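Number of protein chains: 2
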Amino acid sequence: MNYRITLAYDGTDYCGWQRQLNLPTVQQELESALETLEGAPVTAYAAGRTDAGVHAEGQVASFRLTKEFSGVKLIRAINGNLPLDIRVMDAAPVPDSFHARVHAKNKTYRYRIFAAQVMNPLWWRHAWHFPYRLDLEKLAADARQLIGTHDFTGFTVADCTTKTRVRTVTDIQIERDGDLLTLFFSGSGFLRYQVRAMVGALVGINRSRIAAASMAELIESRDRTLIGAHAPAQGLTLLKVEY
Amino acid sequence: MNYRITLAYDGTDYCGWQRQLNLPTVQQELESALETLEGAPVTAYAAGRTDAGVHAEGQVASFRLTKEFSGVKLIRAINGNLPLDIRVMDAAPVPDSFHARVHAKNKTYRYRIFAAQVMNPLWWRHAWHFPYRLDLEKLAADARQLIGTHDFTGFTVADCTTKTRVRTVTDIQIERDGDLLTLFFSGSGFLRYQVRAMVGALVGINRSRIAAASMAELIESRDRTLIGAHAPAQGLTLLKVEY
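For the record, the sequence lines run as chains A and B.
Each number in the numbering used here corresponds to the 1-based position in the first sequence with 2 added.
Each number in the numbering used here corresponds to the 1-based position in the second sequence with 2 added.
Everything hinted at is true.
Sample of chain A residues at the chain B side, in silico, Cβ under 10 Å: (1) I77; (2) V90; (3) H128.
For the record, the hints were derived by calculation from the structure and aren't laboratory data.
A quick note: this is a predicted structure, and the numbers were derived from the prediction, not measured.
Even for Gly, the Cβ is constructed at its ideal location relative to N, Cα and C.
The following block holds chain A by itself, in its conformation from the complex (with noise of 0.2 Å):
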């Protein structure tokens, strides 16, 4: 029986979702309870590959068991053996066909930014801490400009072996309450690092830290020198994917 999960998690102690030896992974983690299920090992496959330290709200991944479990019945069977920062939130038996990554059709993370002098202690696993000022008109007419059809070469890292660089954002959305900030970036597909160089850029755009004009000429440089460091883990989550 094939099986689609929603998984939620804290990625601070994690070395990302992809299994690496002898490292705590969410791979590994979900695999590992999953075997205790099916007395075997079972191979997991997640809609995004998230990497160290980035969280999921929405994450999703499919696995095949050979026993047949109820939605509800599977996401206890699962949580009981999952320790308390990663949880099934949903589960349901799917058509052999489905494939978490394969079939992914719109990815949406979040990211947050705590733009203030002092980091709200309560926000440092879940934002990034920014001690210096932004122009939100210009973040979001800088966003604008990212949205669309591009190739998102300078917007990933050198050994990124995907075939193309091309890819569509379809839509980025700011929120600001108090002094954390919140951006939403949804597209058909992320480039590894992207949605993180796209808020590195952003920010440093807006800082005056990149020598480019316009965030329209800095996608068009291709040249991932420009951009400088991408925005650190802990301010991204997987929040939703769309099948």
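We have chain A; now place chain B onto it with these hints.
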């Protein structure tokens, strides 16, 4: 020189505000940072003596130092000697007569409930996981009965030593964002455990677990055994103190 500071802390790893022998407390951390600046012991007074596990975004404290500091310099000097889960957000010299506890006029607390079958792991440090359905209209109606000046004997602990247990709750606001319920309680002062007891009572009456026909009757009874358990510490944050 007398100083007033605004403190934020993640209370998860502290046994509350008040200094206790051989236990980590916020007061002890703050006073030890102040002693480093002063070269002698300093006593700090807080507006609200938060209990173990309770957080703060707007705790206010006052203390005297012989040296003179500007607000900006004092923020940096204290934060340089504090652990990362306690931060001075604001600081200023104040008239000699100012006392953070004695002169507090109004306090606002926030209580967060994550009301869903499975706990979102990004909230476990800062919300109470309540996996049963709540009737929000009833919650709001019951909350309105708590507003006003009442004898809150039923909402504190047996050994509460204050002279009177009459307190005035000036406002209760309830917000909902998906599965996250946020309650804001304002008042001139609260008894020990009162906010958590009010949350416990609101939830208990909502689920018909309390043998009282109404919140008004529960208040009137002054019977602390009726409420049962007060809501857990991790959902509570001291948000604001007004003078």
